[in-house]
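Trainee: Chain X is fixed; fit chain S onto it per the hints.
From first to last, the protein sequence lines stand for chains X and S.
Remember, the numbering used here sits 260 above the position in the first sequence when you count from 1.
Remember, the numbering used here sits 260 above the position in the second sequence when you count from 1.
Just to be clear, a hint being listed does not mean it is correct.
If several chains are the same, the list does not tell them apart, and a pair holds so long as it fits within one copy or across any two.
With a straight-line cut-off of 20 Å between C-alpha atoms, the simulated SDA-like cross-links for lysine to any residue are [to be verified]: (1) 462 - 503; (2) 416 - 333; (3) 262 - 313.
In case anyone wonders, no lab produced these hints; they're calculated from the structure.
There are 2 protein chains.
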Amino acid sequence: MKIGILGLGLIGGSLGLDLRSLGHTVLGVSRQAKTCSIAQERGVVDHASIDLALLNQAELIFVCTPIAALASTVGHLLPYLHPDTILTDVGSVKLAIVEAIAPLWPNFVPGHPMAGTAETGIEAAQTQLFRGNPYVLTPTATTPAPAIAQVTALVKSLGATLYQCSPQAHDRAVAWISHLPVMVSASLIAACLQEPDSETLKLATQLASSGFRDTSRVGGGNPELGRMMAEYNQPELLRSLLRYRQSLDQIIAQIQAQEWSTLEQLLQQTQQARPEFLRTEE
Amino acid sequence: MKIGILGLGLIGGSLGLDLRSLGHTVLGVSRQAKTCSIAQERGVVDHASIDLALLNQAELIFVCTPIAALASTVGHLLPYLHPDTILTDVGSVKLAIVEAIAPLWPNFVPGHPMAGTAETGIEAAQTQLFRGNPYVLTPTATTPAPAIAQVTALVKSLGATLYQCSPQAHDRAVAWISHLPVMVSASLIAACLQEPDSETLKLATQLASSGFRDTSRVGGGNPELGRMMAEYNQPELLRSLLRYRQSLDQIIAQIQAQEWSTLEQLLQQTQQARPEFLRTEE
Numbered sequence: 261m262k263i264g265i266l267g268l269g270l271i272g273g274s275l276g277l278d279l280r281s282l283g284h285t286v287l288g289v290s291r292q293a294k295t296c297s298i299a300q301e302r303g304v305v306d307h308a309s310i311d312l313a314l315l316n317q318a319e320l321i322f323v324c325t326p327i328a329a330l331a332s333t334v335g336h337l338l339p340y341l342h343p344d345t346i347l348t349d350v351g352s353v354k355l356a357i358v359e360a361i362a363p364l365w366p367n368f369v370p371g372h373p374m375a376g377t378a379e380t381g382i383e384a385a386q387t388q389l390f391r392g393n394p395y396v397l398t399p400t401a402t403t404p405a406p407a408i409a410q411v412t413a414l415v416k417s418l419g420a421t422l423y424q425c426s427p428q429a430h431d432r433a434v435a436w437i438s439h440l441p442v443m444v445s446a447s448l449i450a451a452c453l454q455e456p457d458s459e460t461l462k463l464a465t466q467l468a469s470s471g472f473r474d475t476s477r478v479g480g481g482n483p484e485l486g487r488m489m490a491e492y493n494q495p496e497l498l499r500s501l502l503r504y505r506q507s508l509d510q511i512i513a514q515i516q517a518q519e520w521s522t523l524e525q526l527l528q529q530t531q532q533a534r535p536e537f538l539r540t541e542e
Numbered sequence: 261m262k263i264g265i266l267g268l269g270l271i272g273g274s275l276g277l278d279l280r281s282l283g284h285t286v287l288g289v290s291r292q293a294k295t296c297s298i299a300q301e302r303g304v305v306d307h308a309s310i311d312l313a314l315l316n317q318a319e320l321i322f323v324c325t326p327i328a329a330l331a332s333t334v335g336h337l338l339p340y341l342h343p344d345t346i347l348t349d350v351g352s353v354k355l356a357i358v359e360a361i362a363p364l365w366p367n368f369v370p371g372h373p374m375a376g377t378a379e380t381g382i383e384a385a386q387t388q389l390f391r392g393n394p395y396v397l398t399p400t401a402t403t404p405a406p407a408i409a410q411v412t413a414l415v416k417s418l419g420a421t422l423y424q425c426s427p428q429a430h431d432r433a434v435a436w437i438s439h440l441p442v443m444v445s446a447s448l449i450a451a452c453l454q455e456p457d458s459e460t461l462k463l464a465t466q467l468a469s470s471g472f473r474d475t476s477r478v479g480g481g482n483p484e485l486g487r488m489m490a491e492y493n494q495p496e497l498l499r500s501l502l503r504y505r506q507s508l509d510q511i512i513a514q515i516q517a518q519e520w521s522t523l524e525q526l527l528q529q530t531q532q533a534r535p536e537f538l539r540t541e542e
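The following block holds chain X by itself, in its conformation from the complex (with noise of 0.2 Å):
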């Protein structure tokens, strides 16, 4: 079928090249005519244009912007789609997603492909990123069901693993193993920075190893992804960091009463639970 992508960046580019190697014909539109140049060079996209026009031809469009630029970007877009054209996105919250975009267009299948890379841009688009990898779909009571059918259909295509959800599970769900784990990490890197002692600090930096390393990486990655994941997911992203600091409270208390032994006992439950939370062991 006609593929429309719009946004060319990682996830935009990534499924060019899978859409493209199932032989579907990829429409890409980008703001930036350098970017048309390199994802026709590299195989993403059939035809690549800076001009929405080049998407009335689609049956199927990925809105691939960045969340902040959703909505507008749809708006951009309505003029030039037949009313039969379905759109589906890749934000990584829904709920907000499917208040501002459902009433502009109610041929709208929200998803969240759960795959990504620390590169981002059109020079990180890979092949088979969203193989075995989680991609919800949130549909709601109003979706068109053959519109949920074809979109299915390619999320299956490209070999990920399909949820089906509700916008609110979704972001529920999101909250607690992706942006929690962001300010949780984030908080890691500010408080060694308000290390008074610059000694102290310059020591912690040349012993930080695997364990810093693997704790503080998603609050050392991108800034703006952070902040989108708080601004348009507040609501959850809050209830699971206020239960966090419970947690983390409990703990600094049995510590603060040397309750060694209960602090082992939770310790042992975390180290029992973790394992349901990897989809592939280490």
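Mentor: Below, chain S without anything else, positioned relative to chain X:
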């Protein structure tokens, strides 16, 4: 030289492999006869025994028992030592160990090799475990200079990066980059387990990917080790935990007040600061 290793787990076993390959004669003692057999089969030691008397031939002994057993182990070892035998340890806290061991044996050089794997025990012992990793020595004003020189030379021969500081400075720095991350990470897992809605928790476990895996890794580690960090480094760990809670509260307050630009600035700072803590780029 003749080197003793008391405690044949991951660290003791890995020391044996490297020290033998450097031409030293390695004498190993374990409480378990089976561990002694494995150590000999794997070439970790030249001779192994469950009898401490084996170590009376050693010129230098690495005491590699868990922190909780260290003082009593050294107490049992004393009758077998020559007056000029050098003792060194591998414990991950230093002040409590120095206060316990230095009065028993003046010729003691406190040490902390900052290397490890997810595995434990003699089976996990590997060559070159220490190469390129920090190895901290924390002698005091009364530690004999020849003993420091001897241990320093051995540590360098392992390819480790040597650091020397006071026990207090060590404990304060590792609280930041090793012990605090364990509690931060364990709190993340513990908080998720507090989610009252089982459907949300199930979806969260299904959607969790690399971000959650990395941030939760050290919090899902050895509970006994986590307890030891807290028990033997309580003041410094509490100091860093309370500063961490301040940083967390700052982020929570920014999200509550919808101060998105301020939050993004903070995330820019953590993104910029993190590479200072990483000796090798990811």
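Trainee: Please write out, lowest number first, the hints stated earlier that are contradicted by the structure.
Mentor: 2
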